[in-house]
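Residue numbers (the numbering used here), protein chains in the order written: chain A, 867 to 1052; chain B, 867 to 1052; chain C, 867 to 1052; chain D, 867 to 1052.
Certain hints may be false.
One copy or two, it doesn't matter: identical chains are merged, so the pair holds either way.
Calculated pairs, DSBU-like style, for lysine-lysine (alpha carbon to alpha carbon, straight line, at most 30 Å) [said to hold, decoys possible]:
1. K1037 / K974
2. K894 / K960
3. K1000 / K913
4. K903 / K1000
For the record, the hints were derived by calculation from the structure and aren't laboratory data.
4 protein chains.
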Amino acid sequence: MKDNRELIIEVATKFFSERGFENTSMSKVCEAAKVSKGLIFHHFKTKDDLLREIFKKTTDLIIEINNTNQQDYTPKEELLELINSFFIQLEKDKLFFQLNLSMIVQPKTRMLLNDLIQERSSFILQSVKGVFEKIDSKNALIMSYLFIAELDGIALNYLGIFDTYPLEEIKAQLLQKYTNNEIYKN
Amino acid sequence: MKDNRELIIEVATKFFSERGFENTSMSKVCEAAKVSKGLIFHHFKTKDDLLREIFKKTTDLIIEINNTNQQDYTPKEELLELINSFFIQLEKDKLFFQLNLSMIVQPKTRMLLNDLIQERSSFILQSVKGVFEKIDSKNALIMSYLFIAELDGIALNYLGIFDTYPLEEIKAQLLQKYTNNEIYKN
Amino acid sequence: MKDNRELIIEVATKFFSERGFENTSMSKVCEAAKVSKGLIFHHFKTKDDLLREIFKKTTDLIIEINNTNQQDYTPKEELLELINSFFIQLEKDKLFFQLNLSMIVQPKTRMLLNDLIQERSSFILQSVKGVFEKIDSKNALIMSYLFIAELDGIALNYLGIFDTYPLEEIKAQLLQKYTNNEIYKN
Amino acid sequence: MKDNRELIIEVATKFFSERGFENTSMSKVCEAAKVSKGLIFHHFKTKDDLLREIFKKTTDLIIEINNTNQQDYTPKEELLELINSFFIQLEKDKLFFQLNLSMIVQPKTRMLLNDLIQERSSFILQSVKGVFEKIDSKNALIMSYLFIAELDGIALNYLGIFDTYPLEEIKAQLLQKYTNNEIYKN
DNA sequence: CATGAATGAGCCTTCATTCAT
DNA sequence: GATGAATGAAGGCTCATTCAT
């Protein structure tokens, strides 16, 4: 039989993604996981705890994805690889992005997860900055911020705002833009 | 005496921004507006209704802000003006952005507001595209999408992700980028 | 323009019949009658008042129906006429019976209408007894009670209990029964 | 300690009988049962659910009462026994009849219980028909309908319409009527 | 590790009624 | 006669959480 703790996390992640944290009750999670109400509180002290556990897991996943492309690429190749895997992931697992956005944007969950969010974001920032620095850009930091903003904005718009979003064209445009040497000259 | 309906909207907007829709109870709104519980349902059939009303108001505000800069600017000036007013607004009224992001990102509110969100976004897209087209860019549409994503991503990161966000530098970088002729050559 | 007071009574009667007294709100009545909330309370001090007014009206109607057949019939003909018009009315206006039954059976409405119910029932009892007495039955009173019970029971079963109710056959049986001289011999 | 679920049913049955379904709040039931508000919804998903549970229980009780007289009676004795136990029960437990009538007559509860009402009525009809068939009456079905209507009408009048109801005399009359051979000759 | 009865606060909503205009 | 804003109590129901077993 499957590990119950893991099962609960799985079900809760799915529910939090689809309906949001506030709109998912512990009871519903129990029901869907075919687990007693007592058990969920045995494994996670509170609902907030469960959320934090889930956030940590998604952070691990993000790091894992980013780590795989640490090969013997040139900096620019690294960048392209980053963009590439971002778009692939975005198309493959919308719910994953949905969950992360909503955890960050919802006032209550942001407060709850504040420390973990900071940890994760500074990791990502450093990671991206590492790449930009190698391209010898004078202002690697600012470029990293903008790069991240661009990708996050694309995810946001793709998921929440535009009914039809030309993901492919945008990806192409982005790839071209970061290959173009002009933008690094300032 | 102040108009109660308007007062309720004001208070609710503030609460929805600060704590989120799900985390704001109608009772709390009534209490803060010093109004009876019945009255809120006299003016708005449901809580969802109240949310829609608020979303419509923020859309109006967004349109209003964008309309003021339709003067005898050159296209590039228009763009700079757009960026400028975005950053000014972002710093001046974080809650306004917070509210809009969370309404769009929260699964439940997004569902509730879906039609209104589509309306608003296509208005914004057309509006931005109108500017890019005048700059004679071959792919005004894609550039518009990217431009919007960039700004949205900046708002998202500024509000939710990074504790310290170098807004000024980013703005400078952005202004420079969209003045630079290079990016329009493709 | 139609008289508003009458209009309200009409709409309320319909709603009370279809959904019951407790399940009909004054607001819904106002809405359906296209009348302001204030007006309904201008014409009827309370909801209970409105109910009593309606009950009185239905009593008037019942009396009216029963009075029309006070012609130069023989007693037995009178009885048959009574049965006849009961069945005709039952088929023609189920809601009318529905309303009367529910007003009498619902604890709250019965309490509210108690005096009016007693008035009406004793009128009906006297009316029926008047007929049975002429048939020279020794126990006209008991027969009247049973006669009324039979009709009420038929209405009750027809409306509420049996999905398919053989109203025609039952009517035939009843007509025959009260023509048969045997039942009067005791 | 007593079983809480059963206790809730008991209290609710009493309240539904005395004040009607719509006029009994879940809170009142909880209060009277000395049980938390949450518990009632733990055992019964909704108020409607609780009602259905109660209706089922009263059906069981009705069936149970009717089953006890399946002894070696002649058909006519069976009938008299039926009448007898009906009147005994009617005097002993007015509330029981009150509840059943109001559940059937109230538009909302009838809708809610429709399937269960049909089930119960057809059981009773078959049960009564079984007796009349043995008396070799050509039209057992119609007689059964009339018999049931008569008893239901008596209950209705006794409980709801007439302040003073000569139950004893009516019972006597009824017993005599169904002993009399005349009524079976057609 | 696992169950599910039990709690009590809180939520959205409805409703009869009042009152100033 | 007529309107509709305003009230406040009450209602059904949900939910995170606890605890005895």
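Indicate which option fits the pair K1037, K974 if close means a Cα-Cα distance not exceeding 30 Å: within, between, both or neither.
-> Between copies only: 29 Å across chains, 33 Å inside a chain, cut-off 30 Å.
Alpha-carbon proximity between K903 and K1000, which holds within one copy, between copies, both or neither at 30 Å = Neither. Shortest intra-copy (52 Å) and inter-copy (57 Å) distances fail the 30 Å Cα cut-off.
Indicate which option fits the pair K1000, K913 if close means a Cα-Cα distance not exceeding 30 Å: within, between, both or neither.
-> Neither, since 43 Å and 52 Å both go past 30 Å.
Between K894 and K960, at a C-alpha cutoff of 30 Å, which is it: within one copy, between copies, both, or neither?
-> Close inside one copy (22 Å), not across copies (34 Å); limit 30 Å.
Checked against the numbered hints listed earlier, the structure breaks hints 3, 4; every other hint is satisfied.
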